[in-house]
Each structure stands twice: as structure tokens, then as C-alpha cells.
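Undergrad: This is what each chain is made of:
Number of protein chains: 2
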Amino acid sequence: MNYQPTLSDFHFILHEVLQAPARLQVLPTFTEVDADLMRQVLDEAGKFVGEVIAPLSRTGDEVGCQFANGQVTTPPGFKEAYQAFWQAGWPALACAPEDGGQGLPGVLEAVLYEMLSAANHGWTMAPGLLHGAYECIKHHASDELKARYLEKVATGEWLATMCLTEPHAGSDLGLVRTRAVPQTDGSYHLSGTKIFISGAEHDLSDNIIHLVLARLPDAPPGPKGLSLFLAPKYMPNGARNPALCERIEEKMGLHGSATCVMRFDEATGWIVGTPGRGLNAMFVMMNAARLHVALQGIGLLDAAWQKAHAYAQERRQMRAPGRDKSSMEASLIIEHPAMRRILDTQRAWIDGGRVLAYTTALELDIIKHHPESEPRIRAERWCSLVTPVLKAAWTEQAFKGSSECMQVFGGHGYVREWGIEQIVRDSRVSMIYEGTNEIQAIDLLVRKVLPDGGAGLTTLLQELSDKLVGTDVAAETFKTQVTVLCALTGKLVQASALDQQLPYWVADDYLRAVAVTLLAWAWVQIRQTPTGDTSGPESARWQHPEAALQHWILPEFAMRVQIISARLP
Amino acid sequence: MNYQPTLSDFHFILHEVLQAPARLQVLPTFTEVDADLMRQVLDEAGKFVGEVIAPLSRTGDEVGCQFANGQVTTPPGFKEAYQAFWQAGWPALACAPEDGGQGLPGVLEAVLYEMLSAANHGWTMAPGLLHGAYECIKHHASDELKARYLEKVATGEWLATMCLTEPHAGSDLGLVRTRAVPQTDGSYHLSGTKIFISGAEHDLSDNIIHLVLARLPDAPPGPKGLSLFLAPKYMPNGARNPALCERIEEKMGLHGSATCVMRFDEATGWIVGTPGRGLNAMFVMMNAARLHVALQGIGLLDAAWQKAHAYAQERRQMRAPGRDKSSMEASLIIEHPAMRRILDTQRAWIDGGRVLAYTTALELDIIKHHPESEPRIRAERWCSLVTPVLKAAWTEQAFKGSSECMQVFGGHGYVREWGIEQIVRDSRVSMIYEGTNEIQAIDLLVRKVLPDGGAGLTTLLQELSDKLVGTDVAAETFKTQVTVLCALTGKLVQASALDQQLPYWVADDYLRAVAVTLLAWAWVQIRQTPTGDTSGPESARWQHPEAALQHWILPEFAMRVQIISARLP
Numbered sequence: 001m002n003y004q005p006t007l008s009d010f011h012f013i014l015h016e017v018l019q020a021p022a023r024l025q026v027l028p029t030f031t032e033v034d035a036d037l038m039r040q041v042l043d044e045a046g047k048f049v050g051e052v053i054a055p056l057s058r059t060g061d062e063v064g065c066q067f068a069n070g071q072v073t074t075p076p077g078f079k080e081a082y083q084a085f086w087q088a089g090w091p092a093l094a095c096a097p098e099d100g101g102q103g104l105p106g107v108l109e110a111v112l113y114e115m116l117s118a119a120n121h122g123w124t125m126a127p128g129l130l131h132g133a134y135e136c137i138k139h140h141a142s143d144e145l146k147a148r149y150l151e152k153v154a155t156g157e158w159l160a161t162m163c164l165t166e167p168h169a170g171s172d173l174g175l176v177r178t179r180a181v182p183q184t185d186g187s188y189h190l191s192g193t194k195i196f197i198s199g200a201e202h203d204l205s206d207n208i209i210h211l212v213l214a215r216l217p218d219a220p221p222g223p224k225g226l227s228l229f230l231a232p233k234y235m236p237n238g239a240r241n242p243a244l245c246e247r248i249e250e251k252m253g254l255h256g257s258a259t260c261v262m263r264f265d266e267a268t269g270w271i272v273g274t275p276g277r278g279l280n281a282m283f284v285m286m287n288a289a290r291l292h293v294a295l296q297g298i299g300l301l302d303a304a305w306q307k308a309h310a311y312a313q314e315r316r317q318m319r320a321p322g323r324d325k326s327s328m329e330a331s332l333i334i335e336h337p338a339m340r341r342i343l344d345t346q347r348a349w350i351d352g353g354r355v356l357a358y359t360t361a362l363e364l365d366i367i368k369h370h371p372e373s374e375p376r377i378r379a380e381r382w383c384s385l386v387t388p389v390l391k392a393a394w395t396e397q398a399f400k401g402s403s404e405c406m407q408v409f410g411g412h413g414y415v416r417e418w419g420i421e422q423i424v425r426d427s428r429v430s431m432i433y434e435g436t437n438e439i440q441a442i443d444l445l446v447r448k449v450l451p452d453g454g455a456g457l458t459t460l461l462q463e464l465s466d467k468l469v470g471t472d473v474a475a476e477t478f479k480t481q482v483t484v485l486c487a488l489t490g491k492l493v494q495a496s497a498l499d500q501q502l503p504y505w506v507a508d509d510y511l512r513a514v515a516v517t518l519l520a521w522a523w524v525q526i527r528q529t530p531t532g533d534t535s536g537p538e539s540a541r542w543q544h545p546e547a548a549l550q551h552w553i554l555p556e557f558a559m560r561v562q563i564i565s566a567r568l569p
Numbered sequence: 001m002n003y004q005p006t007l008s009d010f011h012f013i014l015h016e017v018l019q020a021p022a023r024l025q026v027l028p029t030f031t032e033v034d035a036d037l038m039r040q041v042l043d044e045a046g047k048f049v050g051e052v053i054a055p056l057s058r059t060g061d062e063v064g065c066q067f068a069n070g071q072v073t074t075p076p077g078f079k080e081a082y083q084a085f086w087q088a089g090w091p092a093l094a095c096a097p098e099d100g101g102q103g104l105p106g107v108l109e110a111v112l113y114e115m116l117s118a119a120n121h122g123w124t125m126a127p128g129l130l131h132g133a134y135e136c137i138k139h140h141a142s143d144e145l146k147a148r149y150l151e152k153v154a155t156g157e158w159l160a161t162m163c164l165t166e167p168h169a170g171s172d173l174g175l176v177r178t179r180a181v182p183q184t185d186g187s188y189h190l191s192g193t194k195i196f197i198s199g200a201e202h203d204l205s206d207n208i209i210h211l212v213l214a215r216l217p218d219a220p221p222g223p224k225g226l227s228l229f230l231a232p233k234y235m236p237n238g239a240r241n242p243a244l245c246e247r248i249e250e251k252m253g254l255h256g257s258a259t260c261v262m263r264f265d266e267a268t269g270w271i272v273g274t275p276g277r278g279l280n281a282m283f284v285m286m287n288a289a290r291l292h293v294a295l296q297g298i299g300l301l302d303a304a305w306q307k308a309h310a311y312a313q314e315r316r317q318m319r320a321p322g323r324d325k326s327s328m329e330a331s332l333i334i335e336h337p338a339m340r341r342i343l344d345t346q347r348a349w350i351d352g353g354r355v356l357a358y359t360t361a362l363e364l365d366i367i368k369h370h371p372e373s374e375p376r377i378r379a380e381r382w383c384s385l386v387t388p389v390l391k392a393a394w395t396e397q398a399f400k401g402s403s404e405c406m407q408v409f410g411g412h413g414y415v416r417e418w419g420i421e422q423i424v425r426d427s428r429v430s431m432i433y434e435g436t437n438e439i440q441a442i443d444l445l446v447r448k449v450l451p452d453g454g455a456g457l458t459t460l461l462q463e464l465s466d467k468l469v470g471t472d473v474a475a476e477t478f479k480t481q482v483t484v485l486c487a488l489t490g491k492l493v494q495a496s497a498l499d500q501q502l503p504y505w506v507a508d509d510y511l512r513a514v515a516v517t518l519l520a521w522a523w524v525q526i527r528q529t530p531t532g533d534t535s536g537p538e539s540a541r542w543q544h545p546e547a548a549l550q551h552w553i554l555p556e557f558a559m560r561v562q563i564i565s566a567r568l569p
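Chains as they are written, first to last, in full-length UniProt numbering: chain C, 1 to 569; chain Z, 1 to 569.
Only chain C is shown next, with the shape it has when bound in the complex:
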């Protein structure tokens, strides 16, 4: 059974809960974007994903990418699917029309990538970096580079990579050693080894555009000495640039994506942006990139839920408690409380995660397109604070929750046949890349909350709390959590000024406390959505996961607060 996007869920959250069209039409760029257009785009996306991309997931895992003689062969069907994908205009969805794009909001691209990741995480790695590369080239490259590469990357005719990590420089990019030596024609020769480069070699597109972090000869050590360069696989004259794939990694999962070791052997590149500002050029796309990893988590968890839910509605084992004892027939697995709990808990994370992730995507659209500065500043605050939380908590849940879904299958979950173990293996990488989840926690607390004395986060949460109408249990729970979290943040700010190590000890717990609080808020949004529809928040579809949230997820909040408080002086 392959993943199939449940379009009614996407529409409900995007249009009913979040009122996305109304929020987008405020932006001059998107005055034409109405609910009908959004529905149409997502329906088409769902069709493409379900029919073309999802069926390739199993082969992608089992055959995987093959490496021989410096070349990577992608699994059967991957190339044809990619050609159909870019020719249908999907990579260009949220690129500007003047660059060959469709000029649609980023939030649609976000939903598209959630579906794609759910359907086939490995395949989706290939186009997954395109939009970031597009923004990077658009905002930092010279006109000459733009003329040569911007449209090719916008449309996805050529795929792109980010070459950051080196064997000794992972979380710590300041240690990067790849060297860039200026040439008389204004280009640079890049030399060094990059590792963990997704899709740096493959047969999906005619050319590959590498964005490479490297160090100029006179650069200082550390992160400030890094510059960014663009190096294509094939030069404008058709010659092969010596940006060479030495091997691909054997990994736990994600076999449909080639993870390359790249040797740059005096490869020709051109600088993108200012010397020494290479990290800045990449950091502008960091929120979007992290959001997309969070969406991978949400998508993969939905894929796992779909499989487990279908199995639990077919498989019978043992009599469920409360069932008539005279009946000899075993009950459906879904009737057993332990299984129901697993399924409903994942839905609470998935649906609540969507509310938060799509809100973040909308805020990114506002940052890009709102004419006034105040909404942009508020949007920046949201994205800066919420994105690391989404990335860490929802990728963790993807792994943990898909593993819980595996339990629904019993022994059948551990064998390949049902495909659930592939999701567990594939999802695991999302806790590591784009900044490990531990780095996200430090990013949230140490780099974002503490520096302004907690003002940003406190303001954000108080505003959410103040805006809530209604006094049901869920809303009250959220408001109480906000009060506790704001007070705790104040204490942490004070204590951290005296003890430099303290925030590093509690960063993970702090991120979890914020995640659970945001999840509570997301569910109040779902619950308070007025619909005349019987499929709305009062239906079992939405009531069950909300109950799971109250029973099994929100109690973590008090535990995290207790753990942090015990560390305070």
C-alpha cells in the first residue's frame, strides 16, 4: 500500500483552520490567489504525488542509488519521474514569474513537499534543495551568474546541491578547509573534500549546480573566513568541471538519494555574494530549509500512520476489552486501546504540526512579500522561534511515532513487506541533517530566547494567548502553559547570566516544553474552527487525536518544567 495524500485534510487545515487565502490576499503579490486556485494546485499536486512519485518508494529503497566509475545511477523510474516533475512546473511553483516561476505562495510549495516526502523521501531529496539554491543565487549572485543559472535552477531543469560539510567539519562549519584560489579571469579554483552531499551526482538532470562553502587564501580561521561559490558539473562550454564524486555512502535508509563524497580538484567556481560572507548567504535560506525538514517529518509520520491505520482496520487478534466474551471471533486491532492510543497520538502530532508548519510557511510568505515592516517583523519573530522547534520536535516524532506505528504490525512490522520499517529508517536522518536536533535546541534557547532576555518568545506566546477567545479546557490548558513557560523563561534568563553552562543543560527540555505548548495552541485552532460540516472538529476524525493530545502528550509539559526547574538555583 502506497501513501496517498488525504486532500480533504490539507484543505481543511489550510483553508478552514488557517484561512490561508484571506491571509495571502493581503499581500500585493498574491491578490489573485484564492481558495479555488489553491485547491486546484493541491489537488493536481496530490494526483501527481500519488500516481507518479509514491509507487517508486519501495524500489528506491531496495535498488537504491548505484555508484560506478564516478557516476550515480538512480533507481528505476526516478529519472522519468523527475523529468515529468520539472516539466510540469512543480519546482518553479513558488519562484518569481520573471525567473521562469509560477509566482505562487511558498505555503503551497510547503504542502507539496510534505506530500512528496511522505510519498518518497529518497526521491524528494533531489528537488528538495532547489528552492534554497534559487533564493541564494537570486539574492547574492552576480548578474552574469544569474543570467546563466537562475532560470535553470528555478525551473528545476538543472538540479542543485549545498556543499558544506567536510570530514572534520559537521556541526562546526568554522572548521571548513576547502580552498578557493582566485584566477585571473575572475573565477576561482576550488580544492577540497566535501561529504554528506545529497544528490551531488546522479542521472536525473543534464547539469548539477553546486553551491560550495570554501576559504579564500587570505581568509581568517573560523566561520568568518568562509565564502560561497557556484561550481557547475558541466561548464558553459560543455567541459566536465572536476567536481567529482568519489563514492556514495551506505546508509541506514534514504537509499533513493545518493549521499556523495565530493572531491573538488581545482574545480572552477564563481563567488556568490561577498568574500567572507558565505555563511550569511546560506543562512538566509535556513528557516525555509529547516521548515522543509519539519515537513518531511510530518509527511513521513502521516505515511506511517496511513499504513498502521489500514492494517489495524483489517487485522484481527484477541478479544478487545469490553467485548462480548461469548464471541469467539478476535477483534480488529484498532479496537485494542494500546493500538488506538498509538494511532491517535500520531494524528495529534501530524495535524497539529501541519497547523504550525503551514503557519510558518505563510509567515515566510509575509516576510518576503508584505509591504509593511511591522507584519514582517512579527513574521520574522515567529519563524525565527518556531522553526527550530518544528524541526527538532517533529523529526523526532517522525522517527519515534513511525516506530510506534511499527508496533501495530507486530512481527510483520519488522519485515520489509509492509514498508513501515523503511519509514523508520528513512525518517531517522531528519533528526540529524540541517542542524542536529540538539543544535536546534541550542539555537532556540541560547541564540534566540536568551539574547533578548526572553522578550521575543514571551511576546509571541502572550499574543497567541491573548488572541484566544473561548474558555474550554483546551484553551485554558494552553493559557496556563504560556504563563508557566514565560515565568520559567524569565528565571532561565537570570540564571543563565550567572551560569554559562546552564542553558546548554536544559536546552532540549526547553525546546520540548515550547513544542508541546505550540501543539496545544495548534489544536485550539483546529477545535475553534467553525464549520457546518460533519467532518469538522466535532467529528471523531478530529476528536480522537485531540483527546490523545490531552491524555498522552500534554503531560510532558509539566515534566519538562520540573526538569528545568530542578536545575535552577
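Think of the hints as simulated: they come from the structure by calculation, not from any bench.
Note that CB positions come from ideal geometry on N, CA and C, so glycine has one too.
Heads up, some of the hints might be wrong.
Straight-line distance between alpha carbons at most 27 Å, and here's what the computed BS3-like set of lysine-lysine pairs gives [said to hold, decoys possible]: (1) Z:K325 with C:K224; (2) C:K491 with Z:K325; (3) C:K325 with Z:K224; (4) Z:K400 with C:K400; (5) Z:K491 with C:K325; (6) C:K479 with C:K448; (7) C:K491 with C:K479; (8) C:K325 with Z:K448; (9) Z:K479 with Z:K448.
Here are some of the chain C residues that sit facing chain Z, going by a computed Cβ distance under 8 Å [said to hold, decoys possible]: (10) P337; (11) V415; (12) Q500; (13) H551.
Add chain Z to chain C, keeping to what the hints say.
TA: Relative to the frame of chain C, chain Z by itself:
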């Protein structure tokens, strides 16, 4: 880097903390078993495991078991290692001397199997079921069957399997359909399909002895209609018995062990025990089997910890908080709080788990060998209540904790090279087999705690609490937990009498609350162990994980209590 047993740790817990030799010498069978003998056996075991078994783990995963023409070829080196293993007498360690065994306590076997699982989970699956089969044959088979098979199984010259699961009968063995038709010579013809049968076909031993759950023609439906049969791969006259391997499963991990689909095609078998009492014959070995799965969890987590700890002491990334800012050199990963936390937390589970698991193994020795009934009854109580907790909580921690250890490696953890991802994949199965962890939780609460009104568990915990001397924080924390847990148990007993579904909704949380409480007790045992040695409980080796327990593990207790309490009327 391969796993190496840390013998000093085993000795400390077994001899210093648990005073195992003194407890064993009370038993007439083991009056000769002293600390020197135990040390000697474990040192030899450690040497064998480290030198012979651990180096085969990687190949076991990468080459795996191969199936062709009904036969299974085990990975290179597996057969030689197994021949050396049984010829050195290891499978016979805890079997009776009159059966060809060494007559040593089961607790030594328990430690041996923890080491073996840590070193090479896949290989260890082969001999892992031997002792259970030995006990089953010894206590239930006819003299004729014993004469033919007992010594072969005791010594491990022939390997054994348990054939329980069928495609439609997993957790629910009452649905088993395999049929046993009596023959005129007193044997039976077995026909049916069994799945998930570990090691039912291989090249490790000259014969394989299958213990098969099947149904006599006149048997009633459900679990009471099941009988147990012994069916060898090769008949006494050398003929091939039609107990045939149809294929082996492609799995997430554990590739070194063949998981077989078996077709019994009128295979000849002989009944073991009484007709209709097949499950009883198997249930006598259930506590031992579950304990061994818990030990797999502990072992695998230790193997993961060893890898992560070694890596964290070599790899440098970023400056740790509090370090001199003028230094340009990156800090060792182990100096970063987030990494220290991961490592110390796993050690808290490993070391505390050992205290509990070895205690359980000692109690199993007491059940078997104590001449008086009162100690046997107490031991039965411990094993019955603690074993499902150990199985569920420590296999979950093996998976979760080895995944956390993977975070220490960053991107390097996701690739095969370092071997950590293999542990994550291998360990996952332990949450499923030998009764899924959800079944363990139901076993604890619904089948064991509630039926006697909570008396057994309350008595066990109160005795542990009463016996504690000293009033340090750790001891007080444990005593408070016991009080809370006993009160909660009383309320659950009352409420469950009125609401049949209730215990099924809270079983998982209840098991976790008990697990965390037992872990707290285990660490008080470690802490209160008097040693003149600088490597004792006051050393950093033991202080760090105890601090991790207090900071990050015990807070879960209050959360679980909150979750359960919210369900109470």
C-alpha cells in the same frame, strides 16, 4: 570498533552490589560456586565473546543469511564460531551435569548472553533458544524423547527452535491452525505453516530440533486446544523430515539470523507433555526467555554506548560552553552538555538494568534450586512482576537509547561505517518478539497486578522500601515513589473493577512508572555498595549516571502518575 565486554563492570555489579556468590551458596546445588569461580567463568566468556563473536557482527549484517533451494547459508565465520562455542561447553553452562551440562547458576548464563547479544545479536539468536528448549524437553518430554534429544540440546550440538507464530496468529496464539494427526506408532504428522521462526534452517549444527505448537484433530478452538510437539529436521534414521523452510524474511536488521517461513508437510513429531497443555509447557520458560530479551536490550545499549563514548572522546566540534573563548581549538564532543547527557542517561539504564536483570536471574536460580518454599514463592513473585517490566522498558531503551547514541555521531551515525545504525536496526526487533511491549504492559497490570488486588506488587515494593537503610536523597525518592505507586495501584484496582477497559488504557504508563521506580531502587543498591575501591560508587564512573537518573529519568514517574490519575474517576 567492536564491542568488548567491560569485565570490571560485570564483576562490580554481580559480586559487590548483588553479593551473588553469597546468595547462591545458600542453594545446595551451588555450594561450590564462589566469587573466584564466577570471575573465572565470566573472564573466559568475555574473552571468547570479544575475540570470536564480536568481530563477526558487521559481516553478519552486511552479508546476512542467504536462502537458496530450501537451505540457509549463514554469514562467513558463523558456523566455525558456533562449533567452537558449543564445543567449549558454553550452551551447557547452566544445564544439569547429568544432562551433559556444567551445572552452573543461570545468572552466569544471563551475563554470558548479555555479552553475546551486545557483541553480535544476529549470531546469538541461534543458541538463544537452546536453554528454553532444554528445560522444556527436560520437564515435559517422555523418557524416550529425552534419551534421544536432551543431551544434544543441552550441549548445543544440535540447535533448537520454537515454532509458535502463524500468519494469522501472532500475539493471539489461540488462533494457531497447524494440525497434528496421530499415527499408529505413537508419533504425529504435523501440517501447517509457521512464520517468524528464528534459526529454523541453517548450516550451524548437524540437526535442528523444532518445538511446534499444533492442534490435535479433536481439540477445541482457542488456546486450550494446543499441544506441543518435537519434530527434528533429520529423523533418527537420518531421513529428512518434511519440516521445510520456504523462504526467509527480508528484515530491518538482525540479518545474521534467518527468520524462516516453515512449511510442515506431514512432518513427523512426538508430543511433549499432555495434549491440550502445549502453551503451559512453553510458558514455564517464558520468564527466562523474556529476561533474555531484556538482556539483549541491555547488551545492545551497552554496545551503542561504547561506540558513542569512544567517538565523543575523539571527535572535536565547536567550543563547549564555559571554555576559554580565546582558544581556537574545538572541544571534544563529550564536553558538550547535550552529548554528556545522552551518554550518562544510557549508562543509568544499562547499569541499573543489570542490577535488576541479574537479580531476576538469581531469583530464577532460587526458584529452581531453593529447598524451602517461602524463598521460592518470593522469587516467583519477583520474576512474575519484574520480568515484563524489564522486557518492555529495557528493549524500548535499547532502541531509543541507541538512536540517541547515533546523535553523538551526527551525520556519521547514519552511515554504516561506524556500526551504530546497525545497533538501532537490530535492537528494534526486541520490542516486538517474545510478546510485544504492549502485551508486556497488559501482562503486568491486567494479568498480574489486578487479579490479586495489587497485593503482590505492593508487597514486593514495600519490602524493598522497608529494607533500605540510609536516608539520602536517592533512597527517599525511591520510598516516596513506592508510596505513590502503591496508593495508585489501590485506586486502579477499585476503578478497574467498574471499568473493564480502563486498565488497558493505562497499562503502558503503569509499566513505565514501575520501571522507573525499580530503576531508582537499583541505583540505591549501587550507591549503597560499600567498597574501599576508588572505582566504587563515589567515582565519576558511577556518579555521572546516577546524576543523569535524578535529572532526566526519574521525572518521568510523576508524568506517568499524572496520566494514569487523569483517567481515574
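Undergrad: Taking the hints in turn, state whether each one holds.
TA: Do the hints match the structure? See the list:
no.: 1; hint: Z:K325 with C:K224; in the structure: 16 Å, holds
no.: 2; hint: C:K491 with Z:K325; in the structure: 25 Å, holds
no.: 3; hint: C:K325 with Z:K224; in the structure: 16 Å, holds
no.: 4; hint: Z:K400 with C:K400; in the structure: 8 Å, holds
no.: 5; hint: Z:K491 with C:K325; in the structure: 25 Å, holds
no.: 6; hint: C:K479 with C:K448; in the structure: 22 Å, holds
no.: 7; hint: C:K491 with C:K479; in the structure: 19 Å, holds
no.: 8; hint: C:K325 with Z:K448; in the structure: 20 Å, holds
no.: 9; hint: Z:K479 with Z:K448; in the structure: 22 Å, holds
no.: 10; hint: P337; in the structure: 4 Å, holds
no.: 11; hint: V415; in the structure: 4 Å, holds
no.: 12; hint: Q500; in the structure: 5 Å, holds
no.: 13; hint: H551; in the structure: 7 Å, holds
The structure agrees with every numbered hint stated previously.
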